[in-house]
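I would like the entire structure built from these sequences, with the hints used as guidance.
As a plain string of letters, each chain reads:
2 protein chains.
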Amino acid sequence: MAILNTIEGGVCAAKGFFADGIHIGLKKEGAKDLAFIYSEKPCAIASVFTTNKMTAAPIRHFRSLGEFEGNFVLINSKNANAMTGRAGIDDITEVLGELKSKFPQIQNPVMSSTGVIGVRLPKAKIIEGAMKFDLTRREGINASEAIMTTDTFSKRLAYEVTLENGQSFRIGAMAKGAGMINPAMATMLCFITTDAAVDKTTMQDILDECVHTTFNAASVDGDTSTNDTVVVMANGLSGAFHAGAFKEALESIMLFLAKEMVRDGEGATKLVTYKVTGAINHKEAEIAAKALSNSLLVKTALFGQDPNWGRIASTVGASGIMCDEAFLSIWFDDICVYKKGELLFDEKLEPLAAAVMQKSSFTIHCDIGLQDGEFTAYGCDLGHEYVKINADYRT
Amino acid sequence: MAILNTIEGGVCAAKGFFADGIHIGLKKEGAKDLAFIYSEKPCAIASVFTTNKMTAAPIRHFRSLGEFEGNFVLINSKNANAMTGRAGIDDITEVLGELKSKFPQIQNPVMSSTGVIGVRLPKAKIIEGAMKFDLTRREGINASEAIMTTDTFSKRLAYEVTLENGQSFRIGAMAKGAGMINPAMATMLCFITTDAAVDKTTMQDILDECVHTTFNAASVDGDTSTNDTVVVMANGLSGAFHAGAFKEALESIMLFLAKEMVRDGEGATKLVTYKVTGAINHKEAEIAAKALSNSLLVKTALFGQDPNWGRIASTVGASGIMCDEAFLSIWFDDICVYKKGELLFDEKLEPLAAAVMQKSSFTIHCDIGLQDGEFTAYGCDLGHEYVKINADYRT
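So the sequences go chain by chain: A and B. If you use the numbering used here, the first sequence corresponds to residues 1 to 395, in order. If you use the numbering used here, the second sequence corresponds to residues 1 to 395, in order.
Hints may contain errors.
Since the list can't tell identical chains apart, any single copy or any two copies may satisfy a pair.
Said to hold, decoys possible - In silico DSSO-like pairs for lysine-lysine, Cα to Cα no more than 27 Å straight-line:
| id | residue 1 | residue 2 |
| --- | --- | --- |
| 1 | K348 | K27 |
| 2 | K53 | K283 |
| 3 | K123 | K339 |
| 4 | K15 | K340 |
| 5 | K41 | K348 |
| 6 | K388 | K359 |
| 7 | K125 | K15 |
| 8 | K359 | K53 |
| 9 | K275 | K340 |
| 10 | K348 | K125 |
| 11 | K348 | K28 |
| 12 | K28 | K283 |
| 13 | K339 | K359 |
| 14 | K348 | K102 |
| 15 | K275 | K53 |
| 16 | K200 | K15 |
| 17 | K100 | K283 |
| 18 | K348 | K78 |
| 19 | K340 | K28 |
| 20 | K283 | K339 |
| 21 | K78 | K259 |
Honestly, the hints are just simulated from the structure, not real lab data.
Here you go:
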């Protein structure tokens with residue numbers, strides 16, 4: 001068994017990685033808006049991107065590179081460089097070209113963007129700003145702050161993983177979320193760095209597996225963005241690796257960040273775990289769990305702290321999965337509010353269920369009562385803040 | 001060509017139909033909460049119901065009757081009689097049995113309910129109230145008010161249809177909507193009466209066709225209810241019928257009511273028509289149009305009157321249909337904001353697009369630019385009122 005110890009440093013926790021975030025005038029009032037991650041040694045890179053067909057320019061650019069080892073990611077907020085066509089990709093080539101001239105140690109750089117869709121990248125400002133980077137800095141916190149949009153806190157985590165043979169490696173990550181979160185293959189922006197000695201193919205396989213139960217199980221608003229990106233960079237500098245331990249660490253980091261993202265969803269006041277069991281297979285459990293995390297009526301009932309279990313039942317029924325009220329059971333944490341056709345809800349149960357709803361984090365468990373299919377999804381409530389943030393996002 | 005003239009009377013407009021709505025104490029402050037529709041002659045009945053698997057008791061009861069001619073519908077608001085199992089159906093049988101004893105002219109009555117899920121029907125109150133019905137009354141407005149839940153206005157329409165041969169028939173309807181509106185085979189409650197001489201099979205075929213482009217094209221919140229019901233009753237008393245004219249009238253009435261429902265969606269301030277053209281087939285156009293009408297980010301941008309066309313593009317891309325930004329074009333009414341990869345949006349265009357967004361009703365048109373597939377869906381915005389209504393629906 002490997003031992004996972006939480007450590008400081010975010011994306012700079014692993015050996016040989018550097019990062020920083022600075023303010024170049026994309027955001028107001030001095031807030032950080034441009035970040036980099038740099039590895040002193042070229043990295044194997046695994047990645048997962050959005051399934052949105054209107055794929056943003058940075059993802060198109062990344063994909064156009066084919067197989068490559070790289071050591072640099074440039075990340076800006078406030079502009080998604082999406083719907084910008086060929087010009088959007090040319091802008092990236094130009095920005096990264098200027099960076100390579102200034103910093104010759106950079107190899108195969110890529111770019112990642114988040115912000116408003118359909119506006120050309122403020123290229124000159126970004127080039128001018130990037131010239132001020134100091135590639136010897138290890139300021140993971142600054143980097144995680146620079147990639148925030150409507151996030152209210154920055155999200156990062158790092159582990160030191162000690163293997164049974166005494167060897168160890170480190171893995172650290174940062175992510176941003178908040179809105180347009182319904183990852184269909186990946187999520188918003190998440191960057192993970194490791195000094196584990198892992199090859200690209202193994203790392204990509206492990207990443208694909210972990211994405212399904214972590215970022216792909218999270219939803220803030222059911223809208224899949226144009227820019228969703230998860231990138232893992234491994235420079236091998238620790239010389240250590242163990243597939244099981246690496247997967248355990250990666251999955252744990254991604255699940256933590258996915259839940260942090262939902263907890264910090266636009267306007268969210270609650271993180272709700274939707275556990276669906278007893279479906280005829282895992283796929284149907286997943287459909288029901290995601291339907292629950294995306295239902296407006298469920299989300300507004302959560303905001304109102306109203307244990308309206310009827311909306312839960314209706315949403316499961318509307319999701320299209322095989323189910324029947326005679327076999328369904330529903331719990332709010334350990335309070336059972338509906339059991340296989342029995343209307344348990346009364347004046348005694350209501351305050352108990354309402355007390356669960358008042359918590360900032362709890363579980364809604366639906367047992368379909370048919371077979372062994374199960375899935376767990378993560379969602380948040382929808383309140384006035386969400387409307388406020390999104391009714392006037394661009395201004 | 002048949003001539004359609006709008007007339008008064010709602011569900012009582014057609015010959016031989018009677019209706020009323022009364023207050024029996026389910027709603028507060030004297031608001032009407034129990035309605036009936038009665039025909040002096042037994043009717044052929046066509047119907048479409050929700051695809052939600054947690055089908056409410058009144059729909060299960062209706063279906064259990066098999067093929068039948070009937071002349072009476074009892075409708076209550078404030079209680080959906082859903083998730084109530086076998087007991088919910090027994091309650092209906094008992095209520096309708098009492099009604100038949102009191103009014104021997106009633107044949108094969110059915111019931112329809114709307115309101116809170118998961119609470120037993122207040123049977124005694126309903127029986128006591130129904131005893132006060134006067135089956136000779138033609139108060140279509142009262143009936144349409146009694147079926148309202150969070151609706152802010154009642155919805156009804158009636159036509160006199162004059163055929164080329166000089167014969168005529170009448171068709172009238174009432175509906176309620178407001179929340180849990182994403183009809184998957186039908187919609188909330190809609191009752192249509194006609195004295196056209198139409199047989200059940202023809203009427204069912206025409207109803208199925210009309211549902212697709214009307215109620216099934218409407219969404220308030222993407223949540224499909226347990227109680228969606230459309231019932232058409234034809235007593236044949238006019239002696240007149242023409243399939244084309246009947247379809248034209250039925251489709252026109254259903255489209256009107258579907259749009260009224262969206263316009264009166266919970267918290268809605270705008271009725272938006274989403275016209276998608278140029279998809280590779282009609283099905284893909286439908287997927288994109290419905291994705292637009294259900295996107296939280298699009299709906300909140302509408303509420304904020306923000307011409308954020310990037311969210312439109314992103315939503316089309318995320319819907320999974322075949323599309324590419326190089327072929328996509330987007331209009332707000334006749335203002336083109338994005339044309340086949342060209343970023344048209346600038347300081348001159350923004351106020352023009354914003355002016356469209358300020359209207360209470362307008363069209364967002366996305367041309368996918370590939371083939372001839374098209375579909376039109378109807379949706380509304382999502383603002384603070386929606387959150388307010390749904391955060392505390394049960395109290």
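Verification of the hints:
1. K348 x K27: Answer is between; shortest inter-copy Cα gap is 24 Å, intra-copy 51 Å.
2. K53 x K283: both (23 Å within a copy, 17 Å between copies)
3. K123 x K339: Close across copies (23 Å), not inside one copy (59 Å); limit 27 Å.
4. K15 x K340: Answer is neither: 54 Å inside a copy and 46 Å across each miss the 27 Å cutoff.
5. K41 x K348: For K41 and K348, neither the intra-copy (63 Å) nor the inter-copy (49 Å) Cα distance is at most 27 Å.
6. K388 x K359: both (23 Å within a copy, 20 Å between copies)
7. K125 x K15: neither (31 Å within a copy, 74 Å between copies)
8. K359 x K53: neither (38 Å within a copy, 30 Å between copies)
9. K275 x K340: within (17 Å within a copy, 43 Å between copies)
10. K348 x K125: between (62 Å within a copy, 24 Å between copies)
11. K348 x K28: The answer is between: 24 Å across copies meets 27 Å, while 52 Å in one copy does not.
12. K28 x K283: For K28 and K283, neither the intra-copy (44 Å) nor the inter-copy (44 Å) Cα distance is at most 27 Å.
13. K339 x K359: within (23 Å within a copy, 48 Å between copies)
14. K348 x K102: neither (70 Å within a copy, 38 Å between copies)
15. K275 x K53: between (30 Å within a copy, 19 Å between copies)
16. K200 x K15: So K200 and K15 pass the 27 Å test inside one copy only (18 Å; across, 76 Å).
17. K100 x K283: Answer is neither: 46 Å inside a copy and 47 Å across each miss the 27 Å cutoff.
18. K348 x K78: between (50 Å within a copy, 22 Å between copies)
19. K340 x K28: Answer is neither: 55 Å inside a copy and 32 Å across each miss the 27 Å cutoff.
20. K283 x K339: within (23 Å within a copy, 39 Å between copies)
21. K78 x K259: within (23 Å within a copy, 37 Å between copies)
Of the hints listed earlier, those the structure fails to meet are numbers 4, 5, 7, 8, 12, 14, 17, 19, in rising order.
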